[in-house]
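If you read the sequences in order, they're chains A and B.
Here my numbering is used: the first residue of the first sequence is 1, the next is one more, and so on.
Here my numbering is used: the first residue of the second sequence is 1, the next is one more, and so on.
Hint data in this document are derived by calculation from the structure and do not stem from the laboratory.
This one's a predicted model, so the numbers in the text were calculated from it and none came from an experiment.
Just so you know, even glycine gets a beta-carbon here, dropped at the ideal spot from N, CA and C.
Watch out, some of these pointers could steer you wrong.
[As the list claims (entries may be wrong)] Residues on chain A that point at chain B, a partial pick, calculated with CB under 8 Å:
hint, residue
1, S31
2, R36
3, V38
[Unchecked claim] Listed below are several chain A residues computed to face chain B (Cβ distance under 7 Å; list not exhaustive):
hint, residue
4, M1
5, L30
6, V51
7, S53
8, I63
9, F65
10, H71
11, D74
12, L75
13, L78
Protein chains: 2
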Amino acid sequence: MATEIERKFLLKPGLWQPAGPGRRMAQGYLSRDPDRTVRVRVVGESAFMTVKSRRTGISRTEIEFPIALEHAQDLLLLCHQPLIDKTRHEVLHDGMLWEVDVFHGANDGLIVAEIELPSEDTEFTLPEWIGEEVSHDMRYTNSNLCAVPFSEW
Amino acid sequence: MATEIERKFLLKPGLWQPAGPGRRMAQGYLSRDPDRTVRVRVVGESAFMTVKSRRTGISRTEIEFPIALEHAQDLLLLCHQPLIDKTRHEVLHDGMLWEVDVFHGANDGLIVAEIELPSEDTEFTLPEWIGEEVSHDMRYTNSNLCAVPFSEW
Numbered sequence: 001m002a003t004e005i006e007r008k009f010l011l012k013p014g015l016w017q018p019a020g021p022g023r024r025m026a027q028g029y030l031s032r033d034p035d036r037t038v039r040v041r042v043v044g045e046s047a048f049m050t051v052k053s054r055r056t057g058i059s060r061t062e063i064e065f066p067i068a069l070e071h072a073q074d075l076l077l078l079c080h081q082p083l084i085d086k087t088r089h090e091v092l093h094d095g096m097l098w099e100v101d102v103f104h105g106a107n108d109g110l111i112v113a114e115i116e117l118p119s120e121d122t123e124f125t126l127p128e129w130i131g132e133e134v135s136h137d138m139r140y141t142n143s144n145l146c147a148v149p150f151s152e153w
Numbered sequence: 001m002a003t004e005i006e007r008k009f010l011l012k013p014g015l016w017q018p019a020g021p022g023r024r025m026a027q028g029y030l031s032r033d034p035d036r037t038v039r040v041r042v043v044g045e046s047a048f049m050t051v052k053s054r055r056t057g058i059s060r061t062e063i064e065f066p067i068a069l070e071h072a073q074d075l076l077l078l079c080h081q082p083l084i085d086k087t088r089h090e091v092l093h094d095g096m097l098w099e100v101d102v103f104h105g106a107n108d109g110l111i112v113a114e115i116e117l118p119s120e121d122t123e124f125t126l127p128e129w130i131g132e133e134v135s136h137d138m139r140y141t142n143s144n145l146c147a148v149p150f151s152e153w
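With the hints as extra help, turn the sequences into a complete structure.
Following this line, the structure appears as structure tokens:
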């Protein structure tokens, strides 16, 4: 059972450009209950199920395992609709990996950058294109973005 | 994606006795939402995840796959509590398989028999120990039995 420690930021307008095509992913939620979110994600030919516990500060328990693509496609049909459709770009900055998610569909226009940390007090530097921190703004969780998408804010 | 067609019955008192020890199983729910129940089940060294859609009559869509025992044990900790603890006995009657679940813990005293059918109009005969049908009584679904256990009825 892993612990996910994550911080999330918006981007300053106009400063970041993707260096490549990124990886398009579809994901949906079988449970949006904050005590036990159940996510199904399909990236190309790969699929994963991820179950996360309630967040304490910026940390939470995460259990993730691969599942068959065929099962994932069936499960996505049962998930809360609409699904999350986004392209993930990986950006290395000062030795740390940033994931920049460019949303499509009902969340078109939203771009969010996340950094996963080995511990809550790990120090890191912010790329110049990083804007406001939204780690504690629950509107930006993917499980909320499929219930109240960015286009409806 | 399979379709589960199932009928469920109570037992007449005193007429059925288990022929063997059966298989003890622990199961919990990550989602009790009737549109997408997510069940984790551990039977001995095996573990499964099962996602079921909303029931239409006695039928519903079911997606089931094996998961690692280690993941299942972690997932059970995140499930709604208390977990379902029961012993399943398989009984052949007139060429059909009946599953008799003897519940323990918070559902102690409850015994339910289920038969899974290839189609809704499959004919079958009832063993003499079968009592009242409860296929449409939602109190008897396992996902409800972990929220409102038999001992609290």
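Checklist entry - Is the hint on A:R36 kept, meaning its closest Cβ partner in chain B is under 8 Å away? => result holds, 5 Å
Checklist entry - Is the shortest C-beta separation between A:D74 and chain B less than 7 Å? => result This interface hint holds because 4 Å falls under the 7 Å limit.
Item to check | chain B contact restraint on A:L30 - CB to CB distance below 7 Å | outcome: holds, 5 Å
Next on the checklist: A closest beta-carbon separation below 7 Å is what the hint needs, so does A:M1 meet it against chain B?
Outcome noted: holds, 4 Å
Next on the checklist: For the restraint on A:S31, tell me whether the closest CB of chain B is nearer than 8 Å.
Outcome noted: holds, 4 Å
Next on the checklist: Restraint: A:H71 near chain B, CB-CB cut 7 Å. Satisfied or not?
Outcome noted: Because about 5 Å separates A:H71 from the closest Cβ in chain B, which is inside the 7 Å limit, the hint holds.
Next on the checklist: Under 7 Å is the threshold here; is the Cβ of A:S53 close enough to any Cβ of chain B for the hint to stand?
Outcome noted: Because about 6 Å separates A:S53 from the closest Cβ in chain B, which is inside the 7 Å limit, the hint holds.
Next on the checklist: Let's test the interface hint: is any C-beta of chain B closer than 8 Å to that of A:V38?
Outcome noted: holds, 5 Å
Item to check | A:L75 as an interface hint toward chain B, with CB separation required under 7 Å | outcome: Constraint on A:L75 satisfied, holds at 6 Å.
Item to check | Restraint check, 7 Å cut-off on beta carbons, for A:F65 near chain B | outcome: Holds, because the Cβ-Cβ distance from A:F65 to chain B comes to roughly 5 Å (cut-off 7 Å).
Item to check | Interface restraint verdict for A:V51 against chain B (beta-carbon cut-off 7 Å) | outcome: holds, 6 Å
Checklist entry - Can we keep the A:I63 interface hint, with Cβ of chain B closer than 7 Å? => result holds, 5 Å
No hint from the list above goes unmet by this structure.
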